[in-house]
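Number of protein chains: 2
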Amino acid sequence: MVKRGEVEFIDRLRHRVRLPASSGIVLGIGDDCAIFRPRDAVEDLLFTTDLLIEDVHFRRATHRPDDIGWKALARGLSDIAAMGGEPRFCLLSLALAPYCDRRWTDAFYRGLLRFGVPLAGGDVARAEKVTCDIVVAGAVPRREALRRDGAGVGDAIYVSGCLGGSALGLATRRGAAWKRHVHPEPRLKLGRVLREKLHATACMDISDGLSLDLHRLCKASGLAADISAPPIFPGATLEQALHGGEDYELLFTLPARTPVQRGLFRIGTMRNGRAGEVRLDGRPLPPLGYDHLR
Amino acid sequence: MVKRGEVEFIDRLRHRVRLPASSGIVLGIGDDCAIFRPRDAVEDLLFTTDLLIEDVHFRRATHRPDDIGWKALARGLSDIAAMGGEPRFCLLSLALAPYCDRRWTDAFYRGLLRFGVPLAGGDVARAEKVTCDIVVAGAVPRREALRRDGAGVGDAIYVSGCLGGSALGLATRRGAAWKRHVHPEPRLKLGRVLREKLHATACMDISDGLSLDLHRLCKASGLAADISAPPIFPGATLEQALHGGEDYELLFTLPARTPVQRGLFRIGTMRNGRAGEVRLDGRPLPPLGYDHLR
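Quick note, the sequences are listed as chains A and B, same order.
Counting from 1, one number per residue, gives the positions in the first sequence under the numbering used here.
Counting from 1, one number per residue, gives the positions in the second sequence under the numbering used here.
Be a bit skeptical, because a hint or two may be false.
Cross-link-like lysine-lysine pairs, in silico, DSBU-like; alpha carbons within 35 Å at most [what the hints assert, rightly or not]:
{"no.": "1", "chain 1": "B", "residue 1": "129", "chain 2": "A", "residue 2": "179"}
{"no.": "2", "chain 1": "A", "residue 1": "129", "chain 2": "B", "residue 2": "197"}
{"no.": "3", "chain 1": "A", "residue 1": "179", "chain 2": "A", "residue 2": "189"}
Output of the computed footprint for chain A on chain B, the stretches with three or more beta carbons under 8 Å from beta carbons of chain A [claimed, not checked]:
{"no.": "4", "stretch": "51–60"}
{"no.": "5", "stretch": "110–123"}
These aren't lab readings, by the way, just hints derived from the structure by calculation.
Even glycine gets a Cβ: it sits at the ideal position worked out from N, Cα and C.
Model the full structure from these sequences, guided by the hints.
Spelled out as structure tokens, the structure:
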């Protein structure tokens, strides 16, 4: 076992990698997407990859193949939404397990293709467990991608919906919460509104739980945060709303007096302090969300 | 088990996918890379993904972590070479097995980063077996990417070096052949020469064996081919040279009278006939190379 979590792993890796300007990479490891600037182009391109592995991210007994295809792509689209981007195409590397027959693969691709994002290529192999890696490419006008590192002192912190639904669904496998778990809806429209209209100062998606993801946003912005309880998915606990992963709502910051539309929930304020420190109603909130290497 | 091979699987998938012009995808599923044309840019971008899975593509007992990192990226770079491209950046999705400690991951990334290609992002997870999916992005001047589908009747067929070395190395685990298997050298410089100077009419890399890869090139170009035996890696058999995978040499076609440099081997001629049909010294050569779904 790697004796440290994902945050440290990624920090170490980031410091090993050189990104010469000639590579076109404007933003590398550590945000929802990498940003690439093609020569002479009017748009920046966003790239994200997301693994979805049997018995790690889903189980054969509870997830239908079309659910798996849907979720594989939804995770990547949520990263594009978090940067205010518009999806352009995707690539899929898919390792098929021995039980994956033609019906399985047809259903899988049906789920994946339902979003209407062109599948431009990928790779295919056989393995013991189903393993998908989805790559999504998106586009934003040059220099306008939303990032995690732009929040300022006094900015208001928002979430785009109730949290904890996916964790509740995973626990109960029932009703609206289960649907939320298996069919998350990437917030692509909202991401664009945040970029174009509300001029969010920072943004990311809540994939690993509010406590961990807000910690990351704060760390990237070099600030701390004070929050109160977020809106909670009906039936979920406060714990699930704070630390449960895979809600795929957006977490973002706006200048304090920005008027916002309905359905967006202010949960707190960015402040000076130790970078990454989050307080809930005045008490330290540890980043207990889902750590992929814990 | 899927009751059909990879060629059919990919054919079926290709027919299911729509690629609207607005997506920017110029070439989708079925070549070494997808081609994406950014708006207003002077370059086309190439994208390829390659899976490398423990106990499918490598074994823990025989492959050191730096070899695995090297090979993961080399496979993708070979696809960029096959289109005449220049690598720009890569993304890596990596699932770590329980035995992967810090020494393992450090060595893995050392192998991967040795090529000097900037690592711009990716994903990380835990799984039972090490699973890597590498994404490589490359660039070529607009409309100049080499493809599989451009070979013409009478074009000469070439390979860029001796074949069968990787298959021999896998069997013997010794000497130059083993080195060829674990440390393949993507033919990036040659790919550029083929595009800029020799104006190759079609090109691909030999990753799954000459017999299968030439079948694919012929099928894509709607033609047949007549060849004689290719140059054979010292110690390898003709079978290994014809059907063994992972040599990562280039297979390409040139107008018949093109003068070529040393180190390129003419093995035959493109002809009219049933698309995909290959004859070796006048006899049918079945596509027996490595089929990832067989």
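Hint check:
The straight-line distance between the Cα atoms of residue 129/B and residue 179/A is roughly 30 Å, inside the 35 Å bound, and the hint therefore holds. Of the supplied pair hints, the one linking residue 129/A and residue 197/B is violated, its CA atoms being roughly 45 Å apart against a limit of 35 Å. Between residue 179/A and residue 189/A, the direct Cα distance comes to roughly 20 Å. Compliance with the 35 Å bound is thereby established for this hinted pair. A count of 5 residues in the stretch 51–60 of chain B with a Cβ less than 8 Å from any Cβ of chain A is obtained; the coverage claim is therefore met, three being the minimum.
Using a Cβ-Cβ cut-off of 8 Å, 7 residues of the stretch 110–123 of chain B lie near chain A, which meets the minimum of three, so the contact claim holds.
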